[in-house]
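What follows is the residue order along each chain.
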Amino acid sequence: MSNYLYILWIPLLPLATFVILGIFGRKYLSSIAGLLGTASLLTSTILSFVAAKQYFFVDGKVNGVYQKIVALKYTWLEFAPNMSIDLGIIIDPISVMMLVVVTSVSLMVHVFSLGYMKGEERFATYYAFLSLFTFSMLGLILSSNIFQVYMFWELVGVSSFLLISYYFNKPAAVAASKKAFIVTRFADLGFLIGILILGYYGGTLDIGLLIERFTSVHSTQFLSITSASFLGASMLTWGLTLVFMGGAGKSAMFPLHIWLPDAMEGPTPVSALIHAATMVVAGVYLVARMFPVFTMDESALNIVTYVGAASALFAAIIACTQTDIKRVLAYSTMSQIGYMMFALGISKNGGENGLGYMASMFHLFTHAFFKSLLFLGAGSVIHMVHSNEMKDMGGLRKLMPITHIAFLIACLAIAGIPPFAGFFSKEEILTAAFHENKIIYGIALFTAALTSFYMFRLYFNIFWSKDAPADNHHESHGEGPWVMKLPLLILAACAVGVGFIPFSQFITSDGAPIETHIDVVFSIVPVALSVLAILLAASFYKNQNGKSDKVAAAFGGLYTAAHKKFYIDEVYLFITKKIIFPFIGQPIAWADKNIVDGFMQWLAKITLKVSVLIKGLQSGKVQNYAMYFFGGIVVLSILFIYIWK
Amino acid sequence: MNLTLLILLPLLTAVLILLAKGLQQIRIIGLTGSLAQLGLAGWLLKSFLAERAAGNSAAHLFESNQTWFKALNIQYHIGIDGIALAMILLTSVIVVAGILVSWTMDKLSKEYFFLLVLLSMGAYGFFISLDLFTLFFFLEVAVIPKFLLIGIWGSGDKTKSAMKLALMLMAGSALVMVGLFGVYYNTHTFDIVQITQQGIPVAVQKFFFPFAFLGFGVFAALFPFHTWVPDGHASAPTAASMFLAGISMKLGGYGCLRIAALMPEAAHSYAWIIILLATIAIIYGAFATMMQTDLKYINAYSSISHCGFVILGIGMLNKTSINGAVIQMVSHGLMTALFFAAIGMIYSRTHTRMVAQLGGLLKAMPFISTVFVIAGLCSLGLPGFSGFVAEMTVFMGSWKNPDGAYRFATILSGASIVVTAVYILRATGRAIMGPISTEHELLTDATWNEKLAAVLLITGILIIGLAPFLINHLITPSTDAIMLQMGKILVSK
Amino acid sequence: MQEIPLSQILFVSTALFFIGMYGLFTRRNLITMLMSIELMLNSVNINFVAFNKYLFPDHLDGLFFTLFIITIAAAEAAVAIAIIINLYRSHNSIDVENATEMKN
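Chains as they are written, first to last, in this note's numbering: chain A, 1 to 645; chain B, 1001 to 1493; chain C, 2001 to 2104.
Any given hint could be a false lead.
As the list claims (entries may be wrong) - Quick list of the computed label-pair ranges, beta carbon to beta carbon:
id	chain 1	residue 1	chain 2	residue 2	range
1	A	Trp602	B	Ala1050	52 to 58 Å
2	A	Asn624	C	Phe2011	28 to 34 Å
3	B	Thr1352	A	Ile405	51 to 57 Å
4	B	Thr1352	A	Pro481	57 to 63 Å
If you are wondering where the hints come from, they were derived from the structure by calculation, not from laboratory data. We put the CB at the ideal spot given by N, CA and C, even for glycine.
Isolated chain A, as found in the complex (with noise of 0.2 Å):
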């Protein structure tokens, strides 16, 4: 079993390549830095599929189920006997799963970058933050021990922050980059609180270990925690709704989702990796991680799978509403990421009834490929146009024929159409949706058609919409080199091709593969729904007629909440801006200012008081200390006299 410790070099790689990268490259390896980045993911790459296929097809399997297997761990940071920090490698389904996802999303991004981000003054610079980036997910992604994920998970988020402040000088970016951390920051303030409660009721920190106490119902640990309870909700639920917490600042789950769209400021191969396929996912991932724990609290999973709806829901409404390109995918991906939330939110642990899991992480797999091309295709669209606005695009389809046929596909798979790959994966949601929980079912289906309306919206107001500019100026440098290029083609065959395996094979919520099969009969409504939804899409926007303002105008109030987010960011502003600073920031800083040093201060002047009135006994005149003197024996005398006799 301990044959997958080559696996550490994945991770390892990256690692190695940010450290060379991060001390010498700024200065001597600048020329080459990109192709070092590259070469060294793509060795991470090929070990990964080798991973892959050892396990999925050679040695993971035992007795028809896949098992969980701890290749490394080392004990890192010991708190006490039995609770320490470990380092340490698992392979499960899901881990091999994202480490491929990770890797090949990750290597087309290092690809595209090459072209571009060419020329750009901090290139190395550039591939080092991407490569530890990239390791600290290999991390994530690897960890057995929660406090492990935590470690990752802070770096995965301080490698977002150093990437979306890439260009500095940029006000915006800079601005983007502090929210991105300090939202995600709080969040993960509840993700530790979390850890603590499940390291100290679970009398351990590894994950298979807890996943093995919570889940028996008769083990001491799982019966304290559910005995102990606070605020009317046993620690379980707190210990898992505050993981989730941590879990939902990183996936942009509503109300914690207010830095994704900004976080679009960072360069858009950056939000092509991070901010679309893997990083924002990993939320998904911890809850996928610990989902057997989940299983046990009915109403930390109610949680999830109503924050996921919401979230797939109000980013869908805000999606159809936005102008920005970027934004609009951000907003895109937050829908999707809903997507899988409610479908692990829905889902049994086992069998036939863990249909929802294995959807989520279907939904996880194809939508990395599917959503990383369409960030790539925008990318190639702004590196054309100089601009994320709508309004600057249109008729671009003559000009790009790669990134539009790219595009094209990428907008099919999102909105679910045959056989492209999201449709595979969102049918399986929506069957499991459908089975568990019908509100949820009616909200899916109804972002399913937003979905859809809103990437054909994009989709023609790029490509379609007006004529070919005018200017010639875009003809000079076409639609970008070839390692633009070749990345759009690989994973738009990706989008297409990936819907195919049979997934359930190999990744399902107790190891042990499941049938399923797609019923056409129940795929009719939603793939009728998001027809419609793109025909209604192109009628409004494949050519400029006006109908969009009409129907806007008729939504009214609606339409301008939508628009602005349906105001999260003004309530966020106002909370930060208006109560923390003012009324806890100020006073306090006041209070040390004028109270606690004024204190410290008034003691000082008390004592000069007192010196100055001591000083006044001092008169230097001779003849009052002879005074005091005779005073003093007079005083003496009485009291040796007449009291001390």
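Position chains B and C relative to chain A; hints supplied.
Below, chains B and C alone, put in the same frame as chain A:
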């Protein structure tokens, strides 16, 4: 291995500095001396580990004991355990870095370097003392140089800051003295080892513990005795800030730890006050930092918040939390010294420390900016840097305490890491990132000595951050011993 | 001749003492102050002699003390007058209020 070398070496360096002529000679002597200290500390570590590996499990190693003043039973009793050794290593690293960043100090350079070295001598003496009187003596030795360093070489309202700092620290040591003498009059010895063995009557502990603990608390910037920190740090020259935050505040934390170990019953019964004050310091310091506009004030206030973790760890009184407190001391020492070094480098170039007047420094001085960002990330507890290890250990330790109020205190302290992120990122976003002003565009990056100092400190931070098992290995036996001793007393009660 | 009662002698010495004290407190002239001190010392001398005679006629301790005090008073006067003369030379005055060099 004679520990007295740790005192003699700085003393020799100080004397040589007085004899030297010219800045060049002085700084070379200073650097050589401090490097020798670093080497000595490293050698000490090596022989300490060798002794431990050879099975010597005595609480204190390299002990030696000489009568200093017989009539009052004052001994020159020295010896180190893992905790003291960690502090000594920290001190030696910061001394080297401090000397390196003051490489171009041309105003009264002889006196300046002399005082720096003297301060380090006081710190070493303090950490190796096993006798309360010697401990107190070296504490005082370390106070006076600070007053002069700030008063003469400082900036801004330096006289007032120096006065404030010296007076508050003196008041702190007066409290310490009352506490220590109170112990002495009831045990008739100053010897820590002896006192630990024979124990102190509970009533005496309860009366004198607050004096000694709060006295050291003043040094460790415990709320509400922290007000010397912001002014003192802001006015001090760079190296003095580094020494002040990196070494001198640690004297307080270390003293608090020793006092708590000496009087366990009192520590237990006053634990809730300690934890209350520490929690206030953590949260209050963090929020106060958020409103600061001067880089040095930002770091000074954040030091209050971070040192709160040290006191919190001590107050929670369990092995993990005390381990965390010790790691936090070392980590905060390195990190804050690095921060002050970076701020000093920025200030010496731009001549301003106001965040609003800076911007985009990453463009003009990539190295210094990177150092600043690293210090900031360490401060906000990023994994891979020492701050994470320290804070998480304190949290884990605090959380072990099942009392609801303590849990609440832990959660509140945990919330401070969010506030920390806010102020660090605000400062970084304004000063390091963003557009650069034209007058700062042509400034130069760090010189070799500044680079060396930063690299040295970062190495320390990374060693703890990446391989925390090393420092754990060093200090855990000592905390075990302390907990065992405390446990024995508490059980027998 | 009828023996003078002790109380009368004590009355004289007390009167002398307080006259001296009054002089010491009110006069600003150093010489006068010195003289006042001499008065007080002498009142003490009278007390010593008187008590010796009336209480312990067969002892001489009181007389010895008196002799000591006279000697010391002489020495003290010499030193004091030396100081006063020096003060006069430098200040042209022997008023105590004028000697304020050490003040503040």
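Hint check results:
1. A:Trp602 / B:Ala1050: 52 to 58 Å: 55 Å, holds
2. A:Asn624 / C:Phe2011: 28 to 34 Å: 29 Å, holds
3. B:Thr1352 / A:Ile405: 51 to 57 Å: 55 Å, holds
4. B:Thr1352 / A:Pro481: 57 to 63 Å: 45 Å, violated
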